[in-house]
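Got two chains here, separate frames each, mind docking them using the hints?
If you read the protein sequences in the order shown, they are chains B and G.
Each residue of the first sequence is one higher than the last, beginning at 1 in this note's numbering.
Each residue of the second sequence is one higher than the last, beginning at 1001 in this note's numbering.
Be aware that one or more of the hints could be misleading.
Said to hold, decoys possible - A short, non-exhaustive set of chain B residues, derived as facing chain G with CB atoms under 7 Å:
hint : residue
1    : M127
2    : A146
3    : Q148
4    : M149
5    : G151
6    : M200
7    : K201
8    : V204
Unchecked claim - Here are the simulated lysine-lysine pairs, PhoX-like style, with alpha carbons at most 25 Å apart:
hint : chain 1 : residue 1 : chain 2 : residue 2
9    : G       : K1199     : G       : K1117
10   : B       : K201      : G       : K1205
11   : B       : K114      : G       : K1199
12   : B       : K230      : B       : K131
13   : B       : K131      : G       : K1147
14   : B       : K137      : G       : K1120
15   : G       : K1147     : G       : K1120
16   : B       : K44       : B       : K274
17   : G       : K1182     : B       : K131
18   : G       : K1242     : G       : K1066
19   : G       : K1199     : B       : K201
20   : B       : K131      : B       : K201
21   : G       : K1296     : B       : K137
22   : B       : K34       : B       : K274
23   : B       : K99       : G       : K1147
24   : B       : K141      : G       : K1066
25   : B       : K131      : B       : K141
26   : B       : K114      : B       : K99
27   : B       : K141      : G       : K1182
28   : B       : K107      : B       : K34
29   : B       : K44       : B       : K141
30   : B       : K137      : G       : K1182
31   : G       : K1199     : B       : K137
32   : G       : K1296     : G       : K1205
33   : B       : K137      : G       : K1299
34   : B       : K131      : G       : K1199
35   : G       : K1242     : B       : K141
36   : B       : K131      : G       : K1300
37   : G       : K1182     : G       : K1066
38   : G       : K1242     : G       : K1147
39   : B       : K230      : B       : K201
40   : G       : K1120     : G       : K1205
No lab work stands behind these hints, which were simulated from the structure alone.
Yeah, the Cβ is synthetic: ideal placement off N, Cα and C, and Gly gets one too.
Chain residues, written in single-letter form:
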Amino acid sequence: MTPVDEAKKISEKELMNKRPKSTKPESNISSGDKENDLRNAELKGEGVVISYGADQAVKGVDIAFPSNKITAVIGPSGCGKSTLLRAFNRMNDFILGAKVEGSLMYKDMDLYDKNIDPVEVRLRIGMVFQKPNPFPKTIFKNIAWAPQMNGYTGDIAELVETSLKRAALWNEVSDRLHDSALGLSGGQQQRLCIARSLAMKPEVLLMDEPCSALDPVSTSHIEDLMLELKEQYTIVIVTHNMQQAARVSDYTAFMDSGNLVEFDETSTIFTNPKEQRTEDYVSGRFG
Amino acid sequence: MTEVVAATFRQKTKKSKLVEKGVRWGIFLCALASVLTTFGIIFVLAKEAIPFFREVSLVDFLFGTKWNALILPRSFGVLPLLMGTMLIVIGAGLIALPVGLASAIYLSEFASQRVRKTVKPVLEILAGIPTVVYGYFALTGITPILKSFNDEIPVFNALSASIVVAVMILPMVASLCDDALKAVPRSLRDGGYALGSTKTEVSLKIVVPAALSGIVASFVLAFSRAIGETMAVTLAAGGTPKMTLNPLESIQTMTAYIVQVATGDIEHGSISYHSLYAVGGLLFLITLAANLLSYKILKKYREEYE
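If we strip away everything but chain G, and leave its shape as in the complex, we get (with noise of 0.2 Å):
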């Protein structure tokens, strides 16, 4: 009787449990790796920047007005990074985001298949260029081009690095802008031109205010992006933490001043050292906050034209 049984069910092997259970443990392994990696920065992060606030407190650091992290008399205030990074980050936005929405309508809503099929897999390269060869396009392209406008404008600016990490952000805006926009359903185009509209009014009042939560999760993420681009704007802006609203001098943003003490000659330990642990979580704080904003409107509005 049992041969027949084992004859007709295959049964459990001590073999295949033993696969089963070695992929189950091997693929919980690589999950919890990047997870551990995780809290790992965050722990190094706060573990480094605790002995800098053990010098500087948390007000003067934040609210500060003067950062002089290398010379003495030392000055630990970060706003004229911050200020610099935002200048930065706004002057970007202001040309990407437009920009960046109008081409992903004219991609999604204007386009014929054959300019859209040429056009997409264009952005997706264009976001893959490392941010270094941007940088040294800032400095070595865009900066003479200002220059040759107005010969005052320093070498090292904040428009210039505005530029060009606005051309950085560009595709990701256009690409992310374009997908939520192919993602509302034609019944809502339909319904729309089925009442007499024309193109531009369905497009622009139908299809866009549809797919808001995507392009504002889309505008979200290129913010955060902006906040922590380093190489592009430690080459093109310069190494001089200001606090100014004027994007033709030369700045220092939170992501240049890092690259400046990690790659200087700084004393392991010192209270220069630390603060960059200081600045850098920072930086982490405002781009999770960033990320978790964009996650969170994309979560709530996602079903809306359902």
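Okay, chain B solo, but in the shape it has when bound (with noise of 0.2 Å):
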């Protein structure tokens, strides 16, 4: 199948139904799954301590986020999860005072080596935030900007087309590609800012609470395009919102004041957690 019929099809189901993707977590995963997804994982951080100056947002944490799956991050505020996120494709870098201790790894590519270009880092590992943040520049431009950069050869316009159908937003903007992106709707510009990242082909893609911004209809559109993504993508998503984790993760991680309290598939977290901690987070007795 085309990327163009697999976007007709997404958007196709949208209109269909507007909750086409199952509430539930995803329940077929058996625990051997698990320790395989584990095993297999890319992406993975040992020990890892964060500080911003004396205080520590991350106080050792071990984690490894399973390949072609979504895991979801949740957590009470300021308990260190999206600094973690960010530290992945090392965006803390911009933070003054900011140090990242322990080892991170995607495949095998030791993210803070000295002679590995962060440049390359974030060329692999895309990220998209909790406020939409489009450039002030045509819809058409903000996919094109980043590949035309990085000395994309190929056809422009086609990848900005083949992003904009695997972000389902093609439909709704096909006819004005070259007005500001800042028109769209928050939904709108959040997808197009999924886009704009899809475009630079990264292997993982990290959202920092991608929906905390948008409406319900909007946050809908968004979970099932990353349902559909995970076929091709790790995803990380941070969330402050237990019904999205439930809905689209396959593995959950737990943290709480700087560390890692537990990490589970979704189903187990949600039903049957090991610690008090986290039954009495996803039960809403605290956060």
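Right, dumping it as structure tokens:
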């Protein structure tokens, strides 16, 4: 199936039913799969400590994000989940005084090796932010900008079209590609930002509360999109919304005060967690 | 009963009402003063320029190519003065705008916190140096250097004035552009970096375009400041009204002419005296237009990246 057909299928499906995907966590993962998934995980952190000056935001976390799965990172505000996420594509480099220790690996690449160019890290590990941040350029240029900057030699118009289709935005914007991206709604802007990341063909997609600024319909668009995308990408999503974690993720990591409290299949975390604190949090008793 | 009310609720006294009113009127008068001054200036400019335009037609004034206001036969074509001004402004702009923008990009995107904290106040101090000092500096500092390259360059020349006006407007351009660049939200930079772009790409291709309105507005303000600049160009560029594009010649700007007439022994009420107001009025209109333009640009694009 060509990407064009695929995208058509996605958007048709969207039109057919408001909530096409099951709202229950995927339960077809057996514990054997889990061990397998963790063994084969390509994005891993060991003993990760992240500090801002004297404050430790992440206090020694061991975590692995299974490939081609969606892993949700949940936890109360200030637990260090966004900080941890941003460490995996070196976005903390820009925060004054932020220090990352421990080992963060993608495949056999040490993300913090002195000889590794952070630009290379971010080319492979893309990121979508909490607040949609389209560039004040046209829709077309928002997507074409980065590939062109990196010397993309293929048909740029085709790349823009495919990326927009993959992000389920093409049908809404195909007739105004050369209008400013700032004229789009918040949900459309966020999908444009996802399309923009996809155009760079990353291998991992980090999403930092991508739906927190969006209405429920836009949120469901993006959740559907994530489920489509995990066929090809490893996705890590930080979210405050526990229903969202339960709906889309295969695995869930629960963090509290800079520590990883529990990591397990999403169904286990939400129905039968091992730790009392996890249970308290997912059942809404604190946080 | 009434006593209880008076004890619980503070009532407006005559005195407090009076104070309120007094303060309100006081502030209003201050605001009025600045507005009235502006209108007063416009009024005086217009009133004193009218006798001039009774004798010299507007067309002759605006399109005449010879300015000879003080000796006979008189001739009042403002183009040589306008051209002198433009020569200085364009020369100064060619130097100050690129350098100012580049230093702003450095300050905002590349400089460490420490460098920024040192350089930014220095820029603001530079902007506060009296302009006559700059003029003297041009005459005694820049011109000798120029002459060391080519001895035939006259003591008074447009290039020297251009350079010194550039030095004068540079801090303003750098500081205003820096503010514009700093105002671009962090999230846009993050978006660029997350796509695997380098610092240079993000700075030049995302931050600068996003701040373009502020940058253009600072350019226009610099332009209007350079046009209005008086003492430095009077000292450095000389007093020879001339239609020339050669920066190595002595020229006269509109402002320098005003200085010459205002400080000379021109008879009050003569045509030469009234010409001062015609030139001043033109200057006023040009800078007013430039300021309005920069205001428009800022207002129109202010929320562009929100």
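Checked hints:
1. M127: holds (4 Å)
2. A146: A146/B check passes; min Cβ-Cβ to chain G is 4 Å, inside 7 Å.
3. Q148: violated (10 Å)
4. M149: holds (5 Å)
5. G151: Nearest chain G Cβ about 12 Å off; hint violated.
6. M200: holds (5 Å)
7. K201: Constraint on K201/B not satisfied, violated at 10 Å.
8. V204: violated (12 Å)
9. K1199/G x K1117/G: Status holds; Cα separation ~21 Å.
10. K201/B x K1205/G: Measuring from Cα to Cα gives roughly 21 Å; hence the hint holds.
11. K114/B x K1199/G: holds (18 Å)
12. K230/B x K131/B: It holds: about 22 Å lies between the C-alpha atoms, which stays within 25 Å.
13. K131/B x K1147/G: Violated. K131/B to K1147/G sits at ~59 Å, over the 25 Å cutoff.
14. K137/B x K1120/G: violated (30 Å)
15. K1147/G x K1120/G: Answer violated: K1147/G to K1120/G is near 33 Å, above 25 Å.
16. K44/B x K274/B: holds (22 Å)
17. K1182/G x K131/B: holds (19 Å)
18. K1242/G x K1066/G: holds (8 Å)
19. K1199/G x K201/B: holds (20 Å)
20. K131/B x K201/B: This hinted pair holds, its Cα atoms lying about 22 Å apart.
21. K1296/G x K137/B: Satisfied, since the Cα-Cα distance of roughly 21 Å is no more than 25 Å.
22. K34/B x K274/B: Since the Cα atoms of K34/B and K274/B sit roughly 16 Å apart, the hinted pair holds (cutoff 25 Å).
23. K99/B x K1147/G: Violated, because 55 Å separates the two Cα atoms, which is more than 25 Å.
24. K141/B x K1066/G: Roughly 52 Å between the alpha carbons, so the hint for K141/B and K1066/G is violated.
25. K131/B x K141/B: holds (19 Å)
26. K114/B x K99/B: The hint holds at about 14 Å.
27. K141/B x K1182/G: holds (23 Å)
28. K107/B x K34/B: Answer holds: K107/B to K34/B is near 19 Å, not above 25 Å.
29. K44/B x K141/B: Not OK: K44/B and K141/B at ~34 Å, beyond 25 Å, violated.
30. K137/B x K1182/G: holds (19 Å)
31. K1199/G x K137/B: Since the Cα atoms of K1199/G and K137/B sit roughly 19 Å apart, the hinted pair holds (cutoff 25 Å).
32. K1296/G x K1205/G: holds (24 Å)
33. K137/B x K1299/G: At roughly 18 Å apart (the allowed maximum being 25 Å), K1299/G and K137/B satisfy the hint.
34. K131/B x K1199/G: holds (21 Å)
35. K1242/G x K141/B: violated (49 Å)
36. K131/B x K1300/G: OK: K131/B and K1300/G at ~24 Å, within 25 Å.
37. K1182/G x K1066/G: violated (47 Å)
38. K1242/G x K1147/G: holds (21 Å)
39. K230/B x K201/B: Given that 25 Å is the threshold and the Cα spacing comes to 13 Å, the pair holds.
40. K1120/G x K1205/G: Given that 25 Å is the threshold and the Cα spacing comes to 24 Å, the pair holds.
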